[in-house]
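Residue numbers (this note's numbering), protein chains in the order written: chain A, 1 to 102; chain B, 1 to 558; chain C, 1 to 251.
No lab work stands behind these hints, which were simulated from the structure alone. Among the clues, some could well be false.
What the hints assert, rightly or not - Cross-link-like lysine-lysine pairs, in silico, BS3-like; alpha carbons within 30 Å at most:
1) 19(B) with 287(B)
2) 168(C) with 139(C)
3) 129(C) with 550(B)
4) 136(C) with 247(B)
5) 247(B) with 109(C)
6) 430(B) with 351(B)
7) 550(B) with 19(B)
8) 168(C) with 552(B)
9) 287(B) with 552(B)
Unchecked claim - So these bits of chain C aren't anywhere near chain A, every CB distance computed over 12 Å:
10) 97
11) 105
12) 128
13) 154
14) 197
15) 201
16) 208
17) 238
18) 248
Claimed, not checked - Label pairs and their in silico Cβ distance ranges:
19) 169(C) with 95(A): 22 to 32 Å
20) 532(B) with 70(A): 23 to 33 Å
21) 169(C) with 78(B): 14 to 24 Å
22) 28(B) with 88(A): 48 to 58 Å
23) 70(B) with 169(C): 54 to 64 Å
24) 106(C) with 40(A): 26 to 36 Å
25) 18(A) with 161(B): 39 to 49 Å
We treat Cβ as the ideally placed atom computed from N, Cα and C, and that holds for glycine.
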Amino acid sequence: MSEPNEHAHTIVGPRVYVTILFALLVGTALTVWASFIDLGFWNPIIALAIATTKATLVVLYFMHVRYSSKLTMLTVVAGIFMFLTLVSLTLADYISRAWGSW
Amino acid sequence: MSSDTIVRLPDQATARIPKDNYLTRENGILSWLLTSDHKRIAILYLASITFFFFIGGALAGLIRLELLTPQSDLMATDTYNKVFTMHGVIMIFFFLVPSVPATLGNFLIPMMIGAKDLALPRINLLSWYLYMAGGLLALYTMAVGGVDTGWTFTTPLSTHYVNTNVLTTGLAVFVAGFSSIFTGLNFVVTIHKMRAPGMTWFRLPLFVWAHYAASILMVLATPVVAISIVLIALERTIGIGVFDPTKGGDPLLFQHLFWFYSHPAVYIMILPGMGVISEVISTFSRKRVFGYTAVAFSSVAIAVFGFFVWAHHMFIMGISNYAVLVFSLLTMLVAVPSAIKIFNWTFTLYKGSITFETPMLYTFGFMGLFTIGGLTGVFLGTSGTDIHLTETYFIVAHFHFVMVGGMLMAFLAGIHFWWPKITGRMYPEKISQLAAVVTFIGFNFTFFPQFILGTLGMPRRYASYPPEFQILNVFSTAGATILGVGYLLPVLYLVWSLKYGAVAGNNPWQATGLEWQTQSPPLTENFVEMPIMDHEAYDYEWLEKQEREKEKEVTSAG
Amino acid sequence: MPDNLVHSADAASSAHDEHPPYLRHHFNSAEQQADASNFAMWLFLLTEVMFFGGLFTAYLIYRNWYFPAFVAGSHQLNVVWGATNTLVLILSSFTMAMGVWCAETRRRKGLVLCLSLTFILGLAFLGIKSVEYREKIEKHHVPGFHYSMQSFLDPQSDPEVYAEYHDKPLTPDMAVHTELYFSLYFLMTGMHALHMIIGIGILGFMILRARAGAYTAGHVTFVENFGLYWHFVDIIWIYLFALLYLISRHA
Numbered sequence: 001m002s003e004p005n006e007h008a009h010t011i012v013g014p015r016v017y018v019t020i021l022f023a024l025l026v027g028t029a030l031t032v033w034a035s036f037i038d039l040g041f042w043n044p045i046i047a048l049a050i051a052t053t054k055a056t057l058v059v060l061y062f063m064h065v066r067y068s069s070k071l072t073m074l075t076v077v078a079g080i081f082m083f084l085t086l087v088s089l090t091l092a093d094y095i096s097r098a099w100g101s102w
Numbered sequence: 001m002s003s004d005t006i007v008r009l010p011d012q013a014t015a016r017i018p019k020d021n022y023l024t025r026e027n028g029i030l031s032w033l034l035t036s037d038h039k040r041i042a043i044l045y046l047a048s049i050t051f052f053f054f055i056g057g058a059l060a061g062l063i064r065l066e067l068l069t070p071q072s073d074l075m076a077t078d079t080y081n082k083v084f085t086m087h088g089v090i091m092i093f094f095f096l097v098p099s100v101p102a103t104l105g106n107f108l109i110p111m112m113i114g115a116k117d118l119a120l121p122r123i124n125l126l127s128w129y130l131y132m133a134g135g136l137l138a139l140y141t142m143a144v145g146g147v148d149t150g151w152t153f154t155t156p157l158s159t160h161y162v163n164t165n166v167l168t169t170g171l172a173v174f175v176a177g178f179s180s181i182f183t184g185l186n187f188v189v190t191i192h193k194m195r196a197p198g199m200t201w202f203r204l205p206l207f208v209w210a211h212y213a214a215s216i217l218m219v220l221a222t223p224v225v226a227i228s229i230v231l232i233a234l235e236r237t238i239g240i241g242v243f244d245p246t247k248g249g250d251p252l253l254f255q256h257l258f259w260f261y262s263h264p265a266v267y268i269m270i271l272p273g274m275g276v277i278s279e280v281i282s283t284f285s286r287k288r289v290f291g292y293t294a295v296a297f298s299s300v301a302i303a304v305f306g307f308f309v310w311a312h313h314m315f316i317m318g319i320s321n322y323a324v325l326v327f328s329l330l331t332m333l334v335a336v337p338s339a340i341k342i343f344n345w346t347f348t349l350y351k352g353s354i355t356f357e358t359p360m361l362y363t364f365g366f367m368g369l370f371t372i373g374g375l376t377g378v379f380l381g382t383s384g385t386d387i388h389l390t391e392t393y394f395i396v397a398h399f400h401f402v403m404v405g406g407m408l409m410a411f412l413a414g415i416h417f418w419w420p421k422i423t424g425r426m427y428p429e430k431i432s433q434l435a436a437v438v439t440f441i442g443f444n445f446t447f448f449p450q451f452i453l454g455t456l457g458m459p460r461r462y463a464s465y466p467p468e469f470q471i472l473n474v475f476s477t478a479g480a481t482i483l484g485v486g487y488l489l490p491v492l493y494l495v496w497s498l499k500y501g502a503v504a505g506n507n508p509w510q511a512t513g514l515e516w517q518t519q520s521p522p523l524t525e526n527f528v529e530m531p532i533m534d535h536e537a538y539d540y541e542w543l544e545k546q547e548r549e550k551e552k553e554v555t556s557a558g
Numbered sequence: 001m002p003d004n005l006v007h008s009a010d011a012a013s014s015a016h017d018e019h020p021p022y023l024r025h026h027f028n029s030a031e032q033q034a035d036a037s038n039f040a041m042w043l044f045l046l047t048e049v050m051f052f053g054g055l056f057t058a059y060l061i062y063r064n065w066y067f068p069a070f071v072a073g074s075h076q077l078n079v080v081w082g083a084t085n086t087l088v089l090i091l092s093s094f095t096m097a098m099g100v101w102c103a104e105t106r107r108r109k110g111l112v113l114c115l116s117l118t119f120i121l122g123l124a125f126l127g128i129k130s131v132e133y134r135e136k137i138e139k140h141h142v143p144g145f146h147y148s149m150q151s152f153l154d155p156q157s158d159p160e161v162y163a164e165y166h167d168k169p170l171t172p173d174m175a176v177h178t179e180l181y182f183s184l185y186f187l188m189t190g191m192h193a194l195h196m197i198i199g200i201g202i203l204g205f206m207i208l209r210a211r212a213g214a215y216t217a218g219h220v221t222f223v224e225n226f227g228l229y230w231h232f233v234d235i236i237w238i239y240l241f242a243l244l245y246l247i248s249r250h251a
């Protein structure tokens with residue numbers, strides 16, 4: 001056959017899901033709380049870091065990527081990489097348009 | 001031309017087209033319109049893209065007619081703008097992007113990997129319907145007055161300054177984009193998940209590798225042009241301000257999003273053609289492709305690097321100098337994998353047993369013209385020279401060399417190469433060789449003068465020009481007439497061959513590849529038994545062994 | 001003679017007699033079919049990432065160019081509603097994941113319950129969203145439809161928001177850019193809501209099929225793949241919430 005199918009046989013149970021649910025709820029509370037504190041330029045960084053952590057948990061556990069084939073992981077990484085390419089190379093233009101004025 | 005040929009046809013007195021094949025399995029129009037057979041869908045696509053090609057070609061004819069004289073005298077300038085816009089939109093989105101993948105890719109990929117169909121046959125049919133919907137919308141747009149922004153929809157012209165049908169054209173492209181996404185998605189899943197036993201990645205024909213790379217581009221890049229069209233539509237209708245300087249928006253943002261797709265789009269267009277060239281060159285040199293791994297990886301490299309260079313279309317548009325530097329450097333990088341392919345194909349020819357059947361003639365044309373087109377791309381990627389050459393006829397010549405001299409020739413090579421497999425019949429060799437030569441001559445007459453015109457400074461997208469440019473323009477138009485004849489001939493003799501062409505048999509070219517081991521035309525399910533791949537790609541020794549064993553069977557049975 | 005292949009595999013012929021009804025003929029096994037359709041859904045999600053990606057790119061650029069306008073605009077969004085919606089979606093992702101587990105372990109009633117809860121939570125999300133949208137419409141903060149900069153030129157004319165944040169008035173040329181903020185707000189949340197609506201529609205269909213036992217007889221692919229879509233929509237919202245609502249909430 002073409003690619004070995006590994007994921008269909010790992011059934012992820014409720015305990016994992018409940019744990020992740022609580023982690024996500026805590027993360028939400030955390031990010032709302034952090035936005036009310038003045039941390040200067042750290043605010044957006046913290047907000048994005050918490051959002052990315054939450055997203056990672058959803059991808060790995062709710063979407064089963066942790067239990068899936070390497071191909072699935074590669075697909076996710078490829079998507080993220082492409083998105084980051086779009087953003088960063090576009091920003092390369094915008095950031096450098098008026099050096100120092102940002 | 002050499003009278004040597006590798007063609008071996010069955011005895012025409014007794015040979016017959018197999019009674020049971022994908023064309024005869026079912027009858028009636030619904031069996032075509034509701035088919036899930038990838039081969040029938042490929043035929044549907046072939047008919048439709050040929051139709052759109054000739055519409056785009058007619059528009060090209062109008063352009064060249066206008067440009068016979070320096071004044072804008074054949075049509076109003078606004079009309080000329082509409083003509084070249086629709087020429088671009090139709091040729092790019094409704095001909096070039098789907099040409100090889102949707103016809104040859106659809107037909108051959110399952111057969112080449114040993115599968116019964118693509119992974120998602122109904123999505124495949126949906127792709128065709130989306131393509132038709134987009135195409136009909138484009139025709140409707142032409143009927144109600146067209147659009148004159150250029151196929152690039154540059155803002156703020158397209159959002160704030162024209163009264164023409166930007167929205168309907170945008171919708172047509174949006175819908176066609178989804179057709180492309182679904183085709184690419186289908187190919188990626190199929191190639192990963194449905195290869196026959198023994199068909200490892202490095203035994204795949206390079207045609208499959210090329211389509212895999214192009215499909216990744218289709219899946220990842222096309223959605224960005226989709227969102228850019230949505231933004232244009234909202235900017236035009238509601239005035240959301242994303243591209244409106246008076247509200248703080250930046251028109252260049254559109255161009256970033258648009259070219260993020262449209263540069264990979266040119267690789268979507270050329271990679272499948274390069275896949276065809278790999279197959280044809282190997283068959284007509286009777287040699288495995290030199291440096292298989294390099295050619296396979298260079299396809300993927302073209303796809304990956306192709307994502308990093310889009311702003312080389314925007315050097316003069318107002319991006320920062322730093323961005324110009326970055327994108328110019330990255331553009332130099334993307335030329336390398338294409339060059340690797342050309343070198344490897346050339347080394348394939350070296351010490352091969354070369355014959356000059358029609359697919360090989362188109363292939364030679366491809367190699368020369370694509371090389372010229374690609375080299376002129378280096379002039380354009382170098383920002384210093386690009387400032388002078390961009391938006392002139394130099395660019396027009398560059399992309400027509402790679403797209404028409406390259407891609408379209410590869411498409412014709414592929415159509416001729418696989419025609420016997422698709423229809424069971426051979427095309428007439430002499431007239432097809434003539435058509436190939438006529439096309440080559442016509443092409444060079446049409447587009448080579450345009451390099452000179454561009455260097456001399458003639459701008460593109462202008463209906464009128466200084467009188468000193470007229471002689472070269474007349475040359476170009478004369479060439480276009482010859483080119484038109486060269487493209488018309490295949491339609492005529494290919495249709496003729498459906499009834500009167502010689503019966504081809506399974507493998508008239510003595511080619512390797514799983515598709516040539518089955519009947520022509522193939523069965524609906526492609527293979528009677530699941531094939532098992534036990535030899536490398538382009539293994540001519542294996543093929544010879546097959547032939548000897550068949551002979552032994554016949555002689556010992558008798 | 002049609003085929004002169006080297007070997008033949010007789011796996012195909014015997015399997016044909018016993019293959020499950022949902023196995024499409026171009027696949028060799030149910031496993032291959034499930035695998036292929038799962039991969040196809042992931043690729044589709046990639047296209048969605050790139051589709052939203054264009055909007056995120058626009059957002060990042062304009063937020064950096066017009067930060068004060070974006071701050072002022074974000075203060076018009078109610079953090080309580082936004083956070084509630086985030087919790088609603090996270091919970092719906094949980095119920096969806098539980099639904100997949102029920103399908104895999106053949107719990108028909110459990111599956112129907114989980115899908116129904118997901119459905120209701122999805123509707124709740126849309127309900128809250130429409131409350132928020134209504135407020136924007138009333139305050140004339142919808143670009144292109146009598147957009148008004150009054151709340152930003154003179155923050156005290158908007159007593160609820162002023163009481164919380166005590167914003168300074170924006171200069172007129174910065175206030176103009178609040179329209180960009182709201183354009184992106186409506187674009188991104190609207191596109192997200194459209195995906196929610198489609199998802200809820202499919203959920204409705206799935207609940208009916210689940211009640212008939214379609215997904216608890218060993219063929220869970222549809223539920224699994226829809227789950228992927230639903231989780232993706234949740235992830236988009238996680239980022240939208242962080243980017244649109246939480247720009248800067250300190251006074």
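Taking the hints in turn, this is what the structure says about them:
In summary, the hint linking residue 19(B) to residue 287(B) is not supported, as the alpha carbons are separated by about 34 Å, beyond the 30 Å threshold. Taking the CA atoms of residue 168(C) and residue 139(C), the gap is about 19 Å. The hint holds against a cut of 30 Å. A C-alpha spacing of about 71 Å is found between residue 129(C) and residue 550(B), which places the hinted pair above 30 Å, so the restraint is violated. Of the pairs offered as hints, the one joining residue 136(C) and residue 247(B) holds, with about 19 Å between alpha carbons and a cut-off of 30 Å not exceeded.
Taking the CA atoms of residue 247(B) and residue 109(C), the gap is about 54 Å. The hint is violated against a cut of 30 Å. With a CA separation close to 26 Å, the supplied pair residue 430(B) and residue 351(B) stays within the 30 Å bound. Note on residue 550(B) and residue 19(B): the hinted pairing holds, with a Cα-Cα distance of about 23 Å set against a maximum of 30 Å. Pair hint residue 168(C) plus residue 552(B) does not hold up; C-alpha atoms about 94 Å apart against a cutoff of 30 Å.
A distance of roughly 25 Å separates the Cα atoms of residue 287(B) and residue 552(B); the hinted pair therefore holds under the 30 Å criterion. Non-interface status of residue 97(C) relative to chain A is broken: a Cβ of that chain comes within 12 Å, the nearest being about 5 Å off. Annotated as non-interface, residue 105(C) brings its C-beta within 12 Å of a C-beta of chain A; the closest such distance is 7 Å. The beta carbon of residue 128(C) is kept farther than 12 Å from every beta carbon of chain A, the shortest such distance being approximately 15 Å.
Chain A leaves residue 154(C) outside its interface by the beta-carbon criterion, the shortest separation being 24 Å against a cut-off of 12 Å. The beta carbon of residue 197(C) sits about 21 Å from the closest Cβ of chain A, which is more than 12 Å, so the claim that it is off the interface holds. At the 12 Å boundary, the C-beta of residue 201(C) stays outside the reach of chain A, the nearest C-beta of that chain being 21 Å off. Look at residue 208(C): its CB is around 24 Å from the nearest CB on chain A, clear of 12 Å, so calling it non-interface holds up.
Against chain A, the non-interface label of residue 238(C) is violated: not every CB pair exceeds 12 Å, the least being about 5 Å. Non-interface call for residue 248(C) relative to chain A: violated, since the shortest CB-CB distance, roughly 6 Å, does not exceed 12 Å. Remark: the range hint 22 to 32 Å for residue 169(C) to residue 95(A) is upheld by a beta-carbon distance near 29 Å. Restraint check, residue 532(B) to residue 70(A): a C-beta distance of roughly 25 Å satisfies the suggested window 23 to 33 Å.
Checked against the hint of 14 to 24 Å, the pair residue 169(C) and residue 78(B) fails, with Cβ atoms roughly 46 Å apart. Separated by about 54 Å at the C-beta atoms, residue 28(B) and residue 88(A) satisfy the suggested range of 48 to 58 Å. The beta-carbon spacing between residue 70(B) and residue 169(C), approximately 59 Å, falls within the hinted interval of 54 to 64 Å. Restraint check, residue 106(C) to residue 40(A): a C-beta distance of roughly 54 Å breaks the suggested window 26 to 36 Å.
About 57 Å separates the C-beta atoms of residue 18(A) and residue 161(B), a value inconsistent with the hinted range of 39 to 49 Å.
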